[in-house]
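Chemist: Chain by chain, the residues run as shown.
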Amino acid sequence: MGKRSNEPFLWMLFSAGGVAAALLIPIHLFLFGLAFPLGWLEAPGYDTLLALARHPVTRLYLFVLCSLGLFHWAHRFRYTLYDGLQIKHLNEIINTLCYGGAILGTVVAAYLILRIP
Amino acid sequence: MSSSIQHPPRSYRRRVSTYWWLGRWPYLKFILRELSSISVTWFVVQTLLQISALSRGPTQYMEFEAWLRRPIVLSLNAVSFFFIVFHAVTWFNLAPKAMAIRVGGKRVPSLLIAAPNYLAWLVASVAVAWIVLRG
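Chains as they are written, first to last, in this note's numbering: chain R, 1 to 117; chain U, 118 to 252.
Calculated from the structure, these hints are not laboratory results. If you're wondering where the values come from, they're calculated on a predicted model, not measured in any experiment. The C-beta atom is built at its ideal place from N, Cα and C for all residues, glycine as well. Certain hints may be false.
Claimed, not checked - Taking lysine to any residue pairs in the SDA-like style, the calculated list, with each CA pair at most 25 Å apart, reads:
1) U:Lys146 / U:Trp208
2) U:Lys214 / U:Leu145
3) R:Lys88 / U:Arg130
4) R:Lys88 / U:Lys214
5) R:Lys88 / U:Trp184
6) U:Lys146 / R:Asp83
7) U:Lys146 / U:Ser192
8) U:Lys146 / R:Gln86
9) U:Lys146 / U:Val133
10) U:Lys146 / R:Phe30
11) R:Lys88 / U:Gly140
12) U:Lys146 / U:Tyr235
As the list claims (entries may be wrong) - Distance ranges between label pairs, derived from CB positions:
13) R:Pro117 / U:Leu193: 26 to 34 Å
14) U:Tyr144 / R:His55: 21 to 29 Å
15) U:Trp142 / R:Leu114: 39 to 47 Å
16) R:Arg4 / U:Arg251: 41 to 49 Å
17) R:Leu104 / U:Leu149: 25 to 33 Å
18) U:Leu229 / R:Thr96: 41 to 49 Å
The following block holds chain U by itself, in its conformation from the complex:
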């Protein structure tokens, strides 16, 4: 009589498919955003290769520049650029979600809270471009 309650009943857990993130756009967006981190690593690797080539001399640096012009590398960089911009935009748009600022009982529009981030992005980009290009 006692044997039926020997083990506590296992709690029921629905099995989630490995491809759960393909089902809906917000989920897919989440995974794409997370995958943008691979592009960050690609950029770091490429930058370190560049630094290494720069240290080794003008000929080696020219070879590195030629490598950058290869279609496969250009394609990777184009894809990476889009992923990184996707990362940047989603990152900057998090601020209004994290801070719900109210002024006079009204919530400050998201765009206004995210705006300083975009301004900082613009300033940083112009600064880097100016330093690199003023040659």
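So that you can see chain R by itself, here it is in the shape it has in the complex:
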């Protein structure tokens, strides 16, 4: 029997990340990356944000958003390198870097999110 492929599982993570990124990142990036720094909208204060971030639901939400986003990137970036630059021969090293990066990022995210006081 051949080795079972984990491709469907990775594709599922890619797809879930794609949905999460499409639905949620635009508003996050608009608020925190543009509207608040440019003064279009008044940024919430430190205490308000901390109170929001330490809530268990927010922690879970941030963790899922960050982790899925990274796996979405890993999958897409891997195929961009395959097809775009035609470097299929570096297959294994690309896979290791992309998915390894996503796993590492997930661990870092978990650590940082759990550490919120």
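Let chain R serve as the given structure and place chain U on it in line with the hints.
Modeler: Below, chain U without anything else, positioned relative to chain R:
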């Protein structure tokens, strides 16, 4: 006499240029869409930096906010915002391509199938904005 057929003839493969995706707009669009994933990672990194600054205290968070106001970071975020919106729109428009729904023998217009995605996008955006801004 036999030497000419010693090796099976190699199948002919045309060499594709490394820059094949620059040739036509749909190809370029495909690569730009794929590259939007870099903006997703940039966003995740920035969010984790924000969480870290938030955990370390008010002064560190103020420094993080000042960093966000730097022109280079603002520019990166503006570019990333466009890439992510590009990702969102192409992602939502995939639904009608994946499902060809027919009602009474007629194909339901693409726009109608994609509409729930856009509605979900609107609802999610309003919800996030409301939670962040109600302060």
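Chemist: Could you grab the alpha-carbon distance between U:Lys146 and R:Phe30 and see if it respects the 25 Å cut-off?
Modeler: Between U:Lys146 and R:Phe30 the Cα gap is close to 23 Å, so the pair holds against 25 Å.
Chemist: 21 to 29 Å was suggested as the range; check whether the CB atoms of U:Tyr144 and R:His55 agree with it.
Modeler: 45 Å, violated
Chemist: Would the pair U:Lys146 and U:Tyr235 pass a check requiring their Cα atoms to be no farther apart than 25 Å?
Modeler: 21 Å, holds
Chemist: Would you say the C-beta atoms of R:Arg4 and U:Arg251 sit inside 41 to 49 Å of each other?
Modeler: 48 Å, holds
Chemist: Would you say the C-beta atoms of R:Leu104 and U:Leu149 sit inside 25 to 33 Å of each other?
Modeler: 27 Å, holds
Chemist: Please test the hint of 39 to 47 Å on the beta carbon pair from U:Trp142 and R:Leu114.
Modeler: Since U:Trp142 and R:Leu114 have Cβ atoms about 46 Å apart, the given range 39 to 47 Å holds.
Chemist: Regarding the pair U:Lys146 and U:Ser192, is the alpha-carbon distance no greater than 25 Å?
Modeler: 21 Å, holds
Chemist: Do the beta carbons of U:Leu229 and R:Thr96 sit within 41 to 49 Å of each other?
Modeler: 43 Å, holds
Chemist: For the pair supplied as a hint, U:Lys214 and U:Leu145, is the alpha-carbon distance within the 25 Å limit?
Modeler: Holds: U:Lys214 and U:Leu145 sit about 20 Å apart, inside 25 Å.
Chemist: Would you check the hint for U:Lys146 and R:Asp83, treating anything up to 25 Å between C-alpha atoms as holding?
Modeler: 14 Å, holds
Chemist: Next pair to validate is U:Lys146 with U:Val133; report whether the Cα-Cα distance is within 25 Å.
Modeler: 18 Å, holds
Chemist: Next pair to validate is R:Lys88 with U:Arg130; report whether the Cα-Cα distance is within 25 Å.
Modeler: 16 Å, holds
In summary, the numbered hints that this structure violates are 4, 5 and 14.
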